[in-house]
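S.K.: Sequence:
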Amino acid sequence: NPFNTYTEMMNFIKKMGLPMDNYMETCTNIDEIEKQVEYINSIRNNLNYDIDGVVIAIDDIKTREVLGYTIKFPKWAIAYKFEAEETTTKLLDVEWNVGRSGRVSPTAILEPVELGGVTVKRATLNNLDDIQRKGVKIGATVFVRRSNDVIPEIMGVVEESLERSISIEEPKVCPSCGEELFRDGVHLFCENTLACKPQMVKTIVHYAGREAMNIAGFSEKTAEQLFEKLGIKSIADLYRIKKDELVGLEKFGDKKATNLLTALENSKECELSSFIYGLGIPNVGKKTAKDLSKKFKTLKNIEKASFEELISVPDIGDIVAKTIVEFFSLDKSRETINELLNLGVTPREEQVQQIDENPFKDKTIVVTGSLKEFSRNEIKDKLESFGAKVAGSVSKKTDFVIVGEDPGSKYNKAIELGIRVISEEEFKGMI
Numbered sequence: 001n002p003f004n005t006y007t008e009m010m011n012f013i014k015k016m017g018l019p020m021d022n023y024m025e026t027c028t029n030i031d032e033i034e035k036q037v038e039y040i041n042s043i044r045n046n047l048n049y050d051i052d053g054v055v056i057a058i059d060d061i062k063t064r065e066v067l068g069y070t071i072k073f074p075k076w077a078i079a080y081k082f083e084a085e086e087t088t089t090k091l092l093d094v095e096w097n098v099g100r101s102g103r104v105s106p107t108a109i110l111e112p113v114e115l116g117g118v119t120v121k122r123a124t125l126n127n128l129d130d131i132q133r134k135g136v137k138i139g140a141t142v143f144v145r146r147s148n149d150v151i152p153e154i155m156g157v158v159e160e161s162l163e164r165s166i167s168i169e170e171p172k173v174c175p176s177c178g179e180e181l182f183r184d185g186v187h188l189f190c191e192n193t194l195a196c197k198p199q200m201v202k203t204i205v206h207y208a209g210r211e212a213m214n215i216a217g218f219s220e221k222t223a224e225q226l227f228e229k230l231g232i233k234s235i236a237d238l239y240r241i242k243k244d245e246l247v248g249l250e251k252f253g254d255k256k257a258t259n260l261l262t263a264l265e266n267s268k269e270c271e272l273s274s275f276i277y278g279l280g281i282p283n284v285g286k287k288t289a290k291d292l293s294k295k296f297k298t299l300k301n302i303e304k305a306s307f308e309e310l311i312s313v314p315d316i317g318d319i320v321a322k323t324i325v326e327f328f329s330l331d332k333s334r335e336t337i338n339e340l341l342n343l344g345v346t347p348r349e350e351q352v353q354q355i356d357e358n359p360f361k362d363k364t365i366v367v368t369g370s371l372k373e374f375s376r377n378e379i380k381d382k383l384e385s386f387g388a389k390v391a392g393s394v395s396k397k398t399d400f401v402i403v404g405e406d407p408g409s410k411y412n413k414a415i416e417l418g419i420r421v422i423s424e425e426e427f428k429g430m431i
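Going by our numbering, the first residue of the sequence shown is number 1, and it counts up by one from there.
Hints are computed from structural coordinates only; laboratory data are not their basis.
Note that the coordinates shown come from a computational prediction; the quantities given were computed from them, not determined experimentally.
Where is the CB? At the ideal position from N, CA and C, for every residue including glycine.
Treat the hints with care, since some could be wrong.
[Unchecked claim] Once the Cα atoms are required to be at most 16 angstroms apart in a straight line, the calculated EDC-like pairs of lysine to aspartate or glutamate come out as:
| # | residue 1 | residue 2 |
| --- | --- | --- |
| 1 | K295 | D244 |
| 2 | K62 | E416 |
| 3 | K75 | D60 |
| 4 | K322 | E308 |
| 5 | K361 | D381 |
| 6 | K255 | D244 |
| 7 | K251 | E220 |
[Claimed, not checked] Restraint-style ranges between C-beta atoms, simulated for each label pair:
| # | residue 1 | residue 2 | range |
| --- | --- | --- | --- |
| 8 | D362 | E416 | 18 to 26 angstroms |
| 9 | K121 | P175 | 15 to 23 angstroms |
| 10 | P175 | E32 | 52 to 60 angstroms |
| 11 | I151 | E38 | 21 to 29 angstroms |
| 12 | V55 | D362 | 26 to 34 angstroms |
| 13 | K14 | K134 | 47 to 55 angstroms |
| 14 | P282 | E8 | 43 to 51 angstroms |
Assemble the whole structure, with the sequences as input and the hints as a guide.
M.R.: Structure representation (structure tokens):
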């Protein structure tokens, strides 16, 4: 890096005539930072663009390199969010919507109101208990806030407006399929997983997603058609679809039908963690799915894992362990998994190379440039399966830099620091 500080870098950009904001302030202590935050908050409504906070970052480039990155964020910068803006408007109605898990949640329909530079027409109401606690009623005037200036939320009600308002009733049946709802804690659920359109469509879309089974060319519109026209009732039914059925769907020609069937066939050979994530187990995200795969190695081991075994996995607590045990104890879960396996879906067992045959164990690796045979996520997953740590920036702590085509400044930094650089071909030879 030819610059010693971020300020130098930005001044150079400005000198080159590139467009940039006029504001940038360098502070030397906390008091100065607080004053600048207060100043920006005081002028935010006069800016010609919307902001919801400020970024406070280390100016010195070498200090940034020492601090490094987490998987997602730089350790040398932090976002400070301003208090959310509030206003009042009238609650016109409450709409109940069904999620992938079957949870039925309320959404407030509002008289349109300007808030933070946008027109707000809908807002979050978490559940019926939240509605009752806040005293919200249809026809009343409510306080609305944009949390982090993104998601509008109802915070309470103007008491004087309640006189002619109408209480919000708890729905007894699913707004989509008409099935009777049941309450679990503060939430309402529809158990009609096979015939409730929103649940099935969202389940299919989740299973087909890039982070799950990565079925190319799959969209919510496609999932809706499969449910409505082909009667798809489970994710296993995806692998029973015939070409002549697809060709009859809207915007499905011969080529698109062939491509989707090919993508479905290709998805059968999958990573165990992708399969676990694709099943849509409540509270199990991609990272937890990876942790389960690394710990238990096979699908069978995960299915029979006890509560005690699950909570021994780092970052898995009581609630997540409980939902995993409950999921695999359900007949419908076991039936779906067995159907998928019988239809040819083959989750690969998690393989972690032993230290004596793995040059990447406990090493810090940086990847730069475009790779021919790996996406960035694929090579990251591969390296992590070898026990390596994948970093976002090059420093003296970096052990290897894997270089593809058109590498960036990370390559130059590696050369400057004398760090070993390996090509994609060399990497493939080492594994």
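S.K.: All the hints need checking, so say for each whether the structure fits it.
M.R.: Cross-check of the supplied hints:
1. K295 to D244: The given pair, whose Cα atoms are some 43 angstroms apart, is violated under the 16 angstroms limit.
2. K62 to E416: It holds: about 14 angstroms lies between the C-alpha atoms, which stays within 16 angstroms.
3. K75 to D60: Holds, at about 13 angstroms.
4. K322 to E308: Within the cut-off at roughly 10 angstroms; holds.
5. K361 to D381: holds (13 angstroms)
6. K255 to D244: Holds, because 12 angstroms separates the two Cα atoms, which is no more than 16 angstroms.
7. K251 to E220: Holds. K251 to E220 sits at ~14 angstroms (cutoff 16 angstroms).
8. D362 to E416: 18 to 26 angstroms: holds (24 angstroms)
9. K121 to P175: 15 to 23 angstroms: holds (19 angstroms)
10. P175 to E32: 52 to 60 angstroms: holds (53 angstroms)
11. I151 to E38: 21 to 29 angstroms: Check passed, 25 angstroms falls within 21 to 29 angstroms.
12. V55 to D362: 26 to 34 angstroms: holds (33 angstroms)
13. K14 to K134: 47 to 55 angstroms: The hint (47 to 55 angstroms, Cβ to Cβ) holds, given that K14 and K134 are roughly 48 angstroms apart.
14. P282 to E8: 43 to 51 angstroms: Because 49 angstroms falls inside the window, the suggested range holds.
Checked against the numbered hints given earlier, this structure breaks only hint 1.
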